Amino acid sequence: MNLDYSQFFHMMPEVTLMALLVIVFIVDFVTAHKAPIVLTDEKTGPSPRPWFNPLVCIFMLAHILVNICPTESASVFGEMYVTSPMIGVVKTILAFGTLIVFIQARTWLSRPDSTFKEGEFYMLIISTLLGMNMMVSANHFLLFFLGLEMASVPMACLVAFDKYRHNSAEAGAKFILTATFSSGVMLYGLTFIYADAGSLYFNEVAKNLSATPMTLMGMVFFFSGLGFKISLVPFHFWTADTYQGAPTTITGYLSVVSKGAAAFTLCTILMHVFGALMQQWQYLLGIVIVLSITIANLFAIRQTELKRFMAFSSISQAGYIMLAVMGNSGMGVTALTYYILVYVVANMSVFTIISAIEERNNGVTDMDAYNGLYSTNPKLAFLMTLALFSLGGIPPFAGMFSKFFVFMAALEQGSAWAYLIVFIALINTVISLYYYLLIVKAMYINKSENPLPAFKSDCNTRLALAICTLGVALFGVCSYVYDWIFAAL
Amino acid sequence: MIPVELLLGLSTVLFFIGFFGFVTRRNLIAMLISIELVLNSVDINFAVFNRILHPGELEGFYFSLFSIGINAAETAVAIAIILNVYRRFHSDQVNSIENMKL
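Respectively, the protein sequence lines represent chains A and B. The opening position of the first sequence corresponds to residue 6 in this note's numbering, with each subsequent residue numbered one higher. The opening position of the second sequence corresponds to residue 13 in this note's numbering, with each subsequent residue numbered one higher.
Incorrect hints may appear among the rest.
Restraint-style ranges between C-beta atoms, simulated for each label pair [as the list claims (entries may be wrong)]:
hint : chain 1 : residue 1 : chain 2 : residue 2 : range
1    : A       : Gly419    : B       : Leu77     : 18 to 26 Å
2    : A       : Met219    : B       : Glu69     : 17 to 25 Å
3    : B       : Tyr98     : A       : Ser334    : 48 to 56 Å
4    : B       : Leu70     : A       : Pro59     : 28 to 36 Å
Quick caveat, the hints were computed from the structure, so don't treat them as lab data. Quantities reported herein were computed from a predicted structural model and do not represent experimental measurements. Each residue gets a CB set at the ideal place from its N, CA and C atoms; glycine is no exception.
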């Protein structure tokens, strides 16, 4: 069989990412002698390779610009790999989130105790992004599985990145064990789907699948495997520890980009592949969504460590994201993608501020550090407030619009069951507002004996915050963004 | 030929031994071994379903092959991380790596 190399033109995002990976590898390999391994607790010092981070950011921006035009639908490599305008939009959003992560990672990566790992950081993040792109584009369960593993194995290395810190090692162990276990459970479910359908192509499975107890069991196993990755509630035990232990930048990446890719893939698979089992999975999904939103909200209220708090907040946000799938319509896919985009800017804004404060607070991310922040750092407190309002869904910020579209998409189904779930989700919005406002209260109202002294952030943190805040403020009121996603459908 | 019930029984038993081990064992290496049992049951299942239900095709066999390869990569990373945990905590018990709690 001859391989037609022109097929690669249809997978431009992967090709450019691969090129980026090779470039970063060569640059790191050639200049590694400038940043020798030093084991020191020194937190400040000149970075030996100050040009590295801007270089990678520019290449990442180039990657986004090359692929921002919506691609036409195509399927290549024996229909294993498909692409469509919608998939192109999702890949652009994922790359945009990664760009913000790169921009804000500079402060952390120029510290003497992690600067020698800078190249590894970029390579690992780019390879997870490559895996997520593969997963989003997959049209065959084998390619989907390869993409999923390509995303989660380097992710485990990233979580355990700070290898001299106890928490990071602990978080890495918990992450890799649950990730492997969940992919095992997922594959076990997949075997029964294969037994019934006789093929692993998505459209073949969709055509041949029958609603028997065996396929139902397979679907439930498959769903729980992916539920682990998105951290929906009965499968969320790893989330809090992993988010708390991982370096803050990586927690941000884990909570937005990785979760967004997995949620979109679960959405396509449920809608297109398990169409024959729709009645059953809508029931299952409804229960899981209600549990995720409610339990995560209740746990979030009693957290005092901010990264752990954001972990529970992200579990409940994952519930809202999956709410869009309930409607089983094209509008649901749009609402889900839009929600991911808004979630990327709002959450990255919060994590950028967390890591800026962590740098000045000896690596501690307790909520006490935020007491009286407004009196010393009013601008930072204000930006944090905007991001938290957006996460909570207060108009006119983008978060309100994304929640609205998600609820509308869920209600399109029209059954009493969907109305009940949306009602519970609405009540939970109020609860989530309460705990987001706890942080705002700490910053503005709580008095502190010695609040964090005033500091000036470096230009990278400011740039990341500016992009995120612009997104939070404008993605909602500029209908152009929603139209862009909707047009790609 | 070995009856299909026996093969499927074997893979089911393997899966649940692995599941049970993952939940009850408190040692990181033992948990990793339990996960391997789960993954092996998946490989057996794919091969059996391909051989019995869809003879003449190769999709299931190929999936088994790829899954074996990827499991090896995952295990390598997991062992590296567990080694690092052992260096930090001087133990590979789950109770000793519970620094972070509410």
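A quick look at each hint next to the structure:
In this structure, Gly419 of chain A and Leu77 of chain B break the distance hint of 18 to 26 Å, their C-beta atoms being roughly 45 Å apart. Checked against the hint of 17 to 25 Å, the pair Met219 of chain A and Glu69 of chain B passes, with Cβ atoms roughly 19 Å apart. For the pair Tyr98 of chain B and Ser334 of chain A, the supplied restraint of 48 to 56 Å holds, since their beta-carbon distance comes to about 51 Å. The beta-carbon spacing between Leu70 of chain B and Pro59 of chain A, approximately 48 Å, falls outside the hinted interval of 28 to 36 Å.
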